[in-house]
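Undergrad: Sequence:
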Amino acid sequence: MERQLKVKKVAVPAGTAAFAVPAILDTHEVSFHAIDCVNWPEEYPYKPEVEFRCAHNGSELFLEFRVNERAAMAVTGEDQGPVWEDSCVEFFAAFPGQDAEPAKREYYNFECNCIGKLLLKHGISGERSNAPESVIKAVRRWTSLGSEPFAERGPVHWNLVEIIPIEAFYKDQPQKFDGLEMYANFYKCGDKLSVPHFLSWAPIDFPRPNFHLSAFFGKLIFGCAALLALLTGCSKNPENLIETYPNRQINGQALSDWSFSRDGQSWEEVTTPHSYNA
Numbered sequence: 014m015e016r017q018l019k020v021k022k023v024a025v026p027a028g029t030a031a032f033a034v035p036a037i038l039d040t041h042e043v044s045f046h047a048i049d050c051v052n053w054p055e056e057y058p059y060k061p062e063v064e065f066r067c068a069h070n071g072s073e074l075f076l077e078f079r080v081n082e083r084a085a086m087a088v089t090g091e092d093q094g095p096v097w098e099d100s101c102v103e104f105f106a107a108f109p110g111q112d113a114e115p116a117k118r119e120y121y122n123f124e125c126n127c128i129g130k131l132l133l134k135h136g137i138s139g140e141r142s143n144a145p146e147s148v149i150k151a152v153r154r155w156t157s158l159g160s161e162p163f164a165e166r167g168p169v170h171w172n173l174v175e176i177i178p179i180e181a182f183y184k185d186q187p188q189k190f191d192g193l194e195m196y197a198n199f200y201k202c203g204d205k206l207s208v209p210h211f212l213s214w215a216p217i218d219f220p221r222p223n224f225h226l227s228a229f230f231g232k233l234i235f236g237c238a239a240l241l242a243l244l245t246g247c248s249k250n251p252e253n254l255i256e257t258y259p260n261r262q263i264n265g266q267a268l269s270d271w272s273f274s275r276d277g278q279s280w281e282e283v284t285t286p287h288s289y290n291a
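Numbering follows our numbering, with no gaps: position 239 of the sequence shown is 252.
Be aware that a few hints might be false.
[What the hints assert, rightly or not] With a straight-line Cα cutoff of 25 Å, these simulated SDA-like cross-link-like pairs (lysine to any residue) come out:
{"id": "1", "residue 1": "Lys134", "residue 2": "Gly71"}
{"id": "2", "residue 1": "Lys189", "residue 2": "Ile234"}
{"id": "3", "residue 1": "Lys134", "residue 2": "Gly167"}
[Claimed, not checked] Between beta-carbon pairs, the in silico distance windows are:
{"id": "4", "residue 1": "Glu161", "residue 2": "Ile137", "range": "21 to 27 Å"}
{"id": "5", "residue 1": "Pro54", "residue 2": "Pro26", "range": "40 to 46 Å"}
{"id": "6", "residue 1": "Arg83", "residue 2": "Gly159", "range": "17 to 23 Å"}
{"id": "7", "residue 1": "Gly159", "residue 2": "Glu180", "range": "26 to 32 Å"}
{"id": "8", "residue 1": "Lys189", "residue 2": "Gly167", "range": "36 to 42 Å"}
{"id": "9", "residue 1": "Gln186", "residue 2": "Asp49", "range": "19 to 25 Å"}
{"id": "10", "residue 1": "Gly192", "residue 2": "Pro220", "range": "22 to 28 Å"}
{"id": "11", "residue 1": "Lys189", "residue 2": "Gln17", "range": "18 to 24 Å"}
{"id": "12", "residue 1": "Phe32", "residue 2": "Gly110", "range": "31 to 37 Å"}
{"id": "13", "residue 1": "Pro109", "residue 2": "Ser44", "range": "39 to 45 Å"}
In short, the hints are calculated from the structure, not lab data.
Think of the CB as a built atom: it goes at the ideal place given N, C-alpha and C, for glycine as much as any other residue.
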């Protein structure tokens, strides 16, 4: 069964510093999800503790990874280098609507080692091109281990944040994250560590380690906040709102997914459908 994850929309100003993201996501109660699929247990049984969470503000995607492993390493000290050989976390994403079969979807691979050096390419497996330098620079990063390369050491606990602007998906050029659906997977690897490992969020059914298999991506569903402008003419009474939207949907989402916010000024998305609350 395909793994799915709903990406919550949060009120975060554009341009927020990456180091501030963990506290912001805590405030918005954004949950972590484990990267714990050991797809090749006979050859690579080691499973470090790895989890991620994500949210968006319409124009930026916020990713936070937390890793606890027996050893970490960061030899690559520049962007677009072989970061997968170090302690590395990765986010691969593809947009629906492509004519190609799932195994041949074009995708983006955001690969980041534990000191925040980024590898970003686009294309299909075996035929990918580097992202423009301007796109690489636009992805803001923060890591708890600093930015200087280091030899293998451990044990190590580390955090990494990436803020990915909507413009980073430069081939597809979406206008905003609100309401988007995206095929994706999240990974943890360390090809040249003393104990190599290859973990994924969505399972991979393939005989050898390979993250570049878009047929095994899960799905991300991006939430969208109902704006007051959208609700012009509606009272705060849910029944009146339903009269205005008789199909019981806003932006394609069921009205049961919405609740009037405590500040009394806007409608906000809730993660579990329930009756309306004033």
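Undergrad: Determine for every hint whether it applies to the structure shown.
TA: Each hint, compared with the structure:
no.: 1; hint: Lys134 - Gly71; verdict: holds, 23 Å
no.: 2; hint: Lys189 - Ile234; verdict: holds, 13 Å
no.: 3; hint: Lys134 - Gly167; verdict: violated, 30 Å
no.: 4; hint: Glu161 - Ile137: 21 to 27 Å; verdict: violated, 35 Å
no.: 5; hint: Pro54 - Pro26: 40 to 46 Å; verdict: holds, 44 Å
no.: 6; hint: Arg83 - Gly159: 17 to 23 Å; verdict: holds, 20 Å
no.: 7; hint: Gly159 - Glu180: 26 to 32 Å; verdict: holds, 27 Å
no.: 8; hint: Lys189 - Gly167: 36 to 42 Å; verdict: holds, 41 Å
no.: 9; hint: Gln186 - Asp49: 19 to 25 Å; verdict: violated, 34 Å
no.: 10; hint: Gly192 - Pro220: 22 to 28 Å; verdict: violated, 37 Å
no.: 11; hint: Lys189 - Gln17: 18 to 24 Å; verdict: holds, 20 Å
no.: 12; hint: Phe32 - Gly110: 31 to 37 Å; verdict: holds, 35 Å
no.: 13; hint: Pro109 - Ser44: 39 to 45 Å; verdict: violated, 24 Å
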